[in-house]
Amino acid sequence: MAEKTIGVLALQGDFREHAASLKAIGQEPVFVRRPHELDKVDALIVPGGESTAMWKLATTAEMFEPVRKRIADGMPVFGTCAGMIMLADRIVDAAAGQQTFGGLPITVRRNAFGRQTESFEEPISFDGVGELTGVFIRAPWVESVEEGVEVLARVTSGPATGRIVAVRQGNLLATSFHPELTADHRVHAFFVDVVRAA
Amino acid sequence: MSANENTAQAPELGTARVKRGMAEMLKGGVIMDVVTPDQAKIAEDAGAVAVMALERVPADIRKDGGVARMSDPDMIDGIIEAVSIPVMAKARIGHFVEAQVLQALGVDYIDESEVLTPADETHHIDKWAFTVPFVCGATNLGEALRRIAEGAAMIRSKGEAGTGNVVEATRHMRQLRGDIKKLTTLDESELFLAAKNHQAPYELVKEIATTGKLPVVLFTAGGIATPADAAMMMQLGAEGVFVGSGIFKSGDPEKRAKAIVEATTHFDDADLIAKVSRNLGEAIVGINIATLPDEQRYASRGW
Chain A
3 MAEKTIGVLA
13 LQGDFREHAA
23 SLKAIGQEPV
33 FVRRPHELDK
43 VDALIVPGGE
53 STAMWKLATT
63 AEMFEPVRKR
73 IADGMPVFGT
83 CAGMIMLADR
93 IVDAAAGQQT
103 FGGLPITVRR
113 NAFGRQTESF
123 EEPISFDGVG
133 ELTGVFIRAP
143 WVESVEEGVE
153 VLARVTSGPA
163 TGRIVAVRQG
173 NLLATSFHPE
183 LTADHRVHAF
193 FVDVVRAA
Chain B
3 MSANENTAQA
13 PELGTARVKR
23 GMAEMLKGGV
33 IMDVVTPDQA
43 KIAEDAGAVA
53 VMALERVPAD
63 IRKDGGVARM
73 SDPDMIDGII
83 EAVSIPVMAK
93 ARIGHFVEAQ
103 VLQALGVDYI
113 DESEVLTPAD
123 ETHHIDKWAF
133 TVPFVCGATN
143 LGEALRRIAE
153 GAAMIRSKGE
163 AGTGNVVEAT
173 RHMRQLRGDI
183 KKLTTLDESE
193 LFLAAKNHQA
203 PYELVKEIAT
213 TGKLPVVLFT
223 AGGIATPADA
233 AMMMQLGAEG
243 VFVGSGIFKS
253 GDPEKRAKAI
263 VEATTHFDDA
273 DLIAKVSRNL
283 GEAIVGINIA
293 TLPDEQRYAS
303 RGW
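Note that the protein sequences, when read in sequence, are chains A and B.
Numbers in our numbering are just positions in the first sequence, counted from 1, shifted up by 2.
Numbers in our numbering are just positions in the second sequence, counted from 1, shifted up by 2.
Any given hint could be a false lead.
What the hints assert, rightly or not - Each computed DSBU-like pair below joins lysine-lysine, with the alpha-carbon atoms no more than 35 Å apart: (1) B/198 / B/183; (2) B/43 / B/257; (3) B/257 / A/42; (4) B/215 / A/71; (5) B/257 / B/215; (6) B/198 / A/42.
Unchecked claim - If you want a taste of the chain A side facing chain B, the calculated C-beta under 7 Å gives, among others: (7) 15; (8) 51; (9) 55; (10) 121; (11) 124; (12) 128; (13) 158; (14) 159; (15) 163; (16) 165; (17) 166; (18) 183.
What the hints assert, rightly or not - If the Cβ cut is set under 8 Å, some of the chain A residues that face chain B in the computed set are: (19) 7; (20) 14; (21) 35; (22) 52; (23) 59; (24) 62; (25) 64; (26) 112; (27) 113; (28) 119; (29) 120; (30) 122; (31) 160.
Read the hints as simulated data drawn from the structure, not as lab findings.
Each residue gets a CB set at the ideal place from its N, CA and C atoms; glycine is no exception.
Only chain B is shown next, with the shape it has when bound in the complex:
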């Protein structure tokens, strides 16, 4: 190709490349939920690549019930001021005004998140309309591609947030990986039906059939509680890890945060994972997903 084919003509903000590129910079790293500036500093000190600023971690959202919304701008500002690493924040599914507010606050990434109570039961946010990039949850390839078509610049598994139970994240990572693998085995004439079955745009389906990977970075989220959980997700093909309640709902957050960071980088080094897993204190107690009533399953929010 000509070297100048992609040359930009003027300074351009919010291009797909800088949005998706931001997620590339987070790869191999851990993004931690924090509810105070002090927690944000602990996360930064532990080597987190970014923090997710929110008022309540998912485990508390479950406990408290009620409607979960975007966090107080004052609280987000406090966290932005406390750390030099990127700050993400959550908007409700479909709540484009919460997203506008978060963009105005200067957050670095918006998570259109099923952990908050959905604000629209038919439409997700039109993410192309924003300069700030978005990450969205997915349980399978079709869902991931619908989010990418709407402008998501990063995808994460949904898992089942706030449970300390990795089983749903495992299911979603395996599903995504399996769906992608299967596409690469189809011939061109079979891709039209595949697109219909995945309820996803044909062009994206075709791209993945060729490249064998999502066009955006894929992280895992939802129930990660231990260094071994994080490493398992990485071995299943995640490019990085979100840890929500798993750190600050545990007995020794500083030590556990560092251990999960180490295990995410050296995910194929069992000796190291053994070493960092020693004496971490109490893990988040956790919830057996089978006992969770349907209306408390966050992964089924969004479509």
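Just chain A, with the same shape it has in the complex:
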């Protein structure tokens, strides 16, 4: 079977870093800005960025319905930070009227760890991957998950101890932190495995 194509939503944010992570593990990613580009991919990464800007840009690029439909049809999607927000069914501390693609039955709190001066790095234990460095930048956390959502990682120290920062349900994977900002590509490899199995 031909290798599946992974797209990176390239409206705004650190989409080039995701593309570089994929390239480092032998994948050839394509950037997706328009519905016809979405049609050509088997899976999608929603990068880090500003979730409000991504929402506005996805609306004007007429990407909302096509992405939602593909998610409903089982397309694998991996979202980091703003990407996690975009995959959440519900968000707390949203901007007025803010919409998401949805798909993951979770509630995500925006900017949950605080402002940029509270942004941090911390060792994270990620189920199925192992120990890695979580890079959290004005990051959200998962406030609650519905049944059937696997919790893959939690914060292990400080005032936010126990907060959920990585989840998976079926073909949808989301992290609060940014594996794409590190030279450790195991979370991307984990997602590639999800894509291959889909």
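Since the structure of chain A is already known, use the hints to place chain B on it.
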């Protein structure tokens, strides 16, 4: 490499990675100058990735003259409360106490800016000493690398703020791009002289000769007034755009803000730029830089 090579040992705040990473999250986006909470909301609604909170936009600073300083903390607080996107604020070049105050207020990024009146004629702020990240202006590669050596986590072209004239930003983007390209053509033995000529640390010069790009995100700023201006800067290699006076000194700020956001994302799509450029109303009137006296040129502040 070993997967655990970079594993952090404990929660660490303000690492170079979270400072530079914050700028990565802003890429492909537009950062807008705002002077009131209402303007900040308009910017957020238009899809701005961040706002720059200040008392006067550069066009008014030019008009009013006098010493331009950090904004009133009350005004910055008001803007922080009004929006959920990151809030940046400006400190004077070298004014490390203004920077300390801005960090204490919880701003997400500090712009050590030539738009304000410099507070130190020999030293920029030691930006490593802060948890909050800094963006600094540059007109060429040497200047950018000196700022990065001082701890800047993001660079922007200086342009000529408050003029509505993109010519200086164009010059700085081309200069930066050309300087970087040239470094990548040199062999190792030539990099020592290059470092001396750029008045920049050898290690940074060597890194750029290898990677062909700055180690931090590069935005453009200074005189951007139209969607086409923003798209041109992106095509010249900017990773995002600051718009100062260009939005709220125009006839229809809401519409222009949205149009510039769209044009920045789809910077290589001329059909789309044509579409969003229609009926935007009056642009900022603008100033012909050639008529600007030397002492009113902000780009020559800093070194």
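Cross-check of the supplied hints:
no., hint, in the structure
1, B/198 / B/183, "17 Å, holds"
2, B/43 / B/257, "14 Å, holds"
3, B/257 / A/42, "33 Å, holds"
4, B/215 / A/71, "38 Å, violated"
5, B/257 / B/215, "34 Å, holds"
6, B/198 / A/42, "49 Å, violated"
7, 15, "6 Å, holds"
8, 51, "5 Å, holds"
9, 55, "5 Å, holds"
10, 121, "4 Å, holds"
11, 124, "4 Å, holds"
12, 128, "11 Å, violated"
13, 158, "9 Å, violated"
14, 159, "6 Å, holds"
15, 163, "10 Å, violated"
16, 165, "12 Å, violated"
17, 166, "17 Å, violated"
18, 183, "5 Å, holds"
19, 7, "21 Å, violated"
20, 14, "4 Å, holds"
21, 35, "7 Å, holds"
22, 52, "4 Å, holds"
23, 59, "5 Å, holds"
24, 62, "6 Å, holds"
25, 64, "12 Å, violated"
26, 112, "6 Å, holds"
27, 113, "7 Å, holds"
28, 119, "5 Å, holds"
29, 120, "7 Å, holds"
30, 122, "5 Å, holds"
31, 160, "5 Å, holds"
Checked against the numbered hints above, the structure breaks hints 4, 6, 12, 13, 15, 16, 17, 19, 25 and satisfies the rest.
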